[in-house]
Amino acid sequence: MIDTFLKQNIMTKKKLINWTLLLFMSIGLTTLNSSCKKEGCTDTTAANFDSGAKKDNGSCTYATPDPTAAYDVTGLKEIAKGYAIGAGAEIKVYAKEDLFTGYNFLYILTLDSATGNFLGEGQVTVSPLMEMPMHKHSCPIENWESDKPNSNGLYENQVLFVMPSSAGNWELNVEYHNHTINKMGSAKIPVTVTQTTNRLMDSFIDSSSANNDRVFITYVLPEKPQVGLNDIEIAVYYKKDMMMWPAREDFTMEIEPTMPTMGHGSPNNVNPVHMAKGHYKGKVNYTMTGLWKIDVVLSRNGKVVSRNNYFEYTL
Amino acid sequence: MNLKISGGVGLVLTLSFFSLFGQNSDSTSADTNFLFLQLETIELEGVKIISDSERTNAQIFNPIANNSTANMDEVLERIPQIQLVKRGSFAYEPQINSLSGGQISVSIDGMRIFGACTDKMDPSTSYIEPINLEKVEVSCHSNSSLDGSNVGGSLNLSTRKATFTNKFDWKGELNSTLNTNSLGRNFSGGLNLSSKKLALKVNGAIRKHDNYRAGGGEEVKYTQYEKQNFAFNFRARLGNKWIFDADYLYDLASDVGYAALPMDVAVAKTNLGSASFTGYDVIKGVEKIKIKAYVNQVYHQMDDSKRPDEEIDMRMDMPGWSNTYGGFASFKLKTIKKHNIELKADYYYNFRRAEMIMYDPDGGPDMFMLTWPDVVRNALGIAGVDKVEINTKNSVILSGRLDWTTTGIEDDFGKRQLTGFGYTGDEVYVHFPYSISTTWNRLVGKHYQLRWSVASSSRVPTTSEMYGYFLFNKEDGYDYIGKPDIKTEKSIRSSLELKRKANKVDWTTSVGYNRLLDYIYGVPDKGSSAMTIGGKGVKYYDNLPWAQILNFSLHAPLLHRVWVLNIIHLKSGI
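Which chain is which? The protein sequence lines are A and B, in order. With our numbering, letter number 109 in the first sequence gets 109, and the count goes up by one each step, no holes. With our numbering, letter number 368 in the second sequence gets 368, and the count goes up by one each step, no holes.
Since the hints were made in silico from the structure, they are not lab data. Since we're looking at a predicted model, the values are computed, not measured. A couple of the hints might just be wrong.
[As the list claims (entries may be wrong)] DSS-like mimics (lysine-lysine), calculated; alpha carbons at most 27 Å apart, straight line:
(1) A:K55 <-> A:K81
(2) B:K161 <-> A:K293
(3) A:K283 <-> B:K241
(4) B:K393 <-> B:K474
(5) B:K338 <-> B:K197
(6) A:K283 <-> B:K483
(7) B:K483 <-> B:K446
(8) B:K332 <-> B:K284
(9) A:K183 <-> A:K240
(10) B:K474 <-> A:K281
(11) B:K536 <-> A:K293
(12) B:K221 <-> B:K290
(13) B:K334 <-> B:K241
(14) B:K306 <-> B:K269
(15) B:K499 <-> B:K536
(16) B:K161 <-> B:K86
(17) B:K288 <-> B:K269
(18) B:K86 <-> A:K283
(19) B:K161 <-> B:K306
(20) B:K526 <-> A:K303
(21) B:K474 <-> B:K536
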């Protein structure tokens, strides 16, 4: 019984000691700095730049350019790779996690196939393809439109994989124009898509459309949702033909998150509205951890088009 | 008045209402002289009752006289100003004139203690056993500012202290009773070791009750409880002006059944420790100084581990913690002309956390939320009371208090939860609750006493009112959600009391009016669905423009009985 008292006290004391240590250390450091106003490397671009140095003594050293320094894949997982024949490039596909049925964020890295050096600018176009016993089809894809990769040297391409690899073979056809040598090539990269435990996509037949389009909706998750108020992004596409899966921008959307185990919802949600390219953004409030079901009702011109769609996510 | 107590050892139970007459202010004089009184008498034999109606039959107010192992609920039950909210067979929540929770201040030996149960099932009073108890001080009118900011009154439990004797001596007592209707075995005991300079008092109680059996012998399931309590007081004289006190109290209730709920209390545990110095005539003009530092830690766990599967929809655990660290310094000045002044400065830090974990009966993922998200409050206050004895017939009590409190939350998960309600969770709220009051006492004729009080005060919102997160209230079936930026509740009140004191016919009648502004109340929100299975909906705490409470009471203790008539009229001003 008295142990709990002591533990608490010890913990606070430890904290105190840490702070005091820090305080003393910082005092020590400042005195050191101020007492050592002498010669050193004064070039700010040098690897051994000394902010305390007053006079340059010619000791500056410069780091040799690292070929990997031009790109950064920390926090990402290499999913697959292939060679873009003709463009002299190796194409590496990265993602935050294994590919899954739903909206995936792909990060494409292009390297010189001979030297392995990072290739600066180019044009990357990804076309996913599902080969099934009887037929082939694609799925919704959003390609990086710029010739310049992002600040980490990666091209960001998003794919909505509409089925898992168990149904057939998924392949990414990556077309690459290498601006350095001005040549075009393409790589066929097989990938594996697993069925997620979270239900992150749904589809329905849009009977109010001229061609009875099959519409696909997906829960876009740039980051894992947390308890509390989250941005919710839902992307909507339709299957125009086997290879064309454009965005649907003309829906109005209502969402309702509920916990099926408990039978309750949550307050203060904001229905997503269309932003651009079939992406709808709103707010969702997850009041606790556990399994959440997000019901989505889609309407067009005030008429409900589809009512029974939902996502599921376990926090 | 002497009453026989088992074991031949007496104890003191004092019910004082602070509202005594200038000339015979027994309560206050008893308080200040008590220590010296004890120095002379070894142990008080019998029971002394001090209340605003002195001739009120002691038998009625003193359950211990009839039953040496009466529990705390039975003690509180006898106090007319206190109503008890019963949620189970044990640990009733006290209310003063139907105000409770944050509206009244509850303390033990002046130490603030806050329960760790979000459903108020562990009021501070449940951590005390009558064997620990010296007196209960209830202040239901306006002079409670020394005990903390409140809008309805205060309740302070004073524990028993060791007594000094001229030469080494010891005294002990042991009591046991058996309740046949619940096979309740109650044991209590105490030991006092004393000498001229050092004294030690140890007491405690053990209770074990099985399920209650109703009149026809029918067993009421989930009414069992077990309790262990141990209190320790060490006293030392330091010179002839100072007395040092070290106190420690441990209380553990376990397996407490709640027949009306789908859950029981598995553990309710508290540790209370304090050290204090009391000085007499140390500083010129100051009669008594008291400096005290204290710590208390409360743990409360509700679960349904005793319930069979078929009785519950979903298993859940609800643990809660409440830790308070604080101190105070009080100064009782020597009488200056007609003024008896007491000043006090106090501070406490309180930390409260409560979790709720729900288990999917179909094996799905567990659900978790923080019903109190590491709520931290610092409260610093100064207070003063001046009792002016104008003449033999008239006296006036003036009192005032000002607090400065800061409240915020520390847990990141809890902060995330709040983002769903329009807050970042990093906000720190500052409140300045205050209290001012005057009470006028007048003796009318030989047998009548008249008292009139006017007060204005405010109180800081409670943890639940600010940060409660889907707290289910069984009484109305709603889940309650706090409002972090809720305003303090203010009160303007007045009461008038007339008392007749005669040899045979005593009665007290009072009328009181309490106007509460920014009244804190749960407002139902139709758009939100209840989290609790079977719940009716969600209520958000908010400030209503006003509410009012009108109460009448008549205490007529005739023929060893007390009739209490409390008419309460509550109206919300929306």
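Unmet hints by their number, sorted upward, for this structure: Per hint list: 1, 2, 3, 4, 5, 7, 9, 10, 12, 15, 16, 17, 18, 19 violated.
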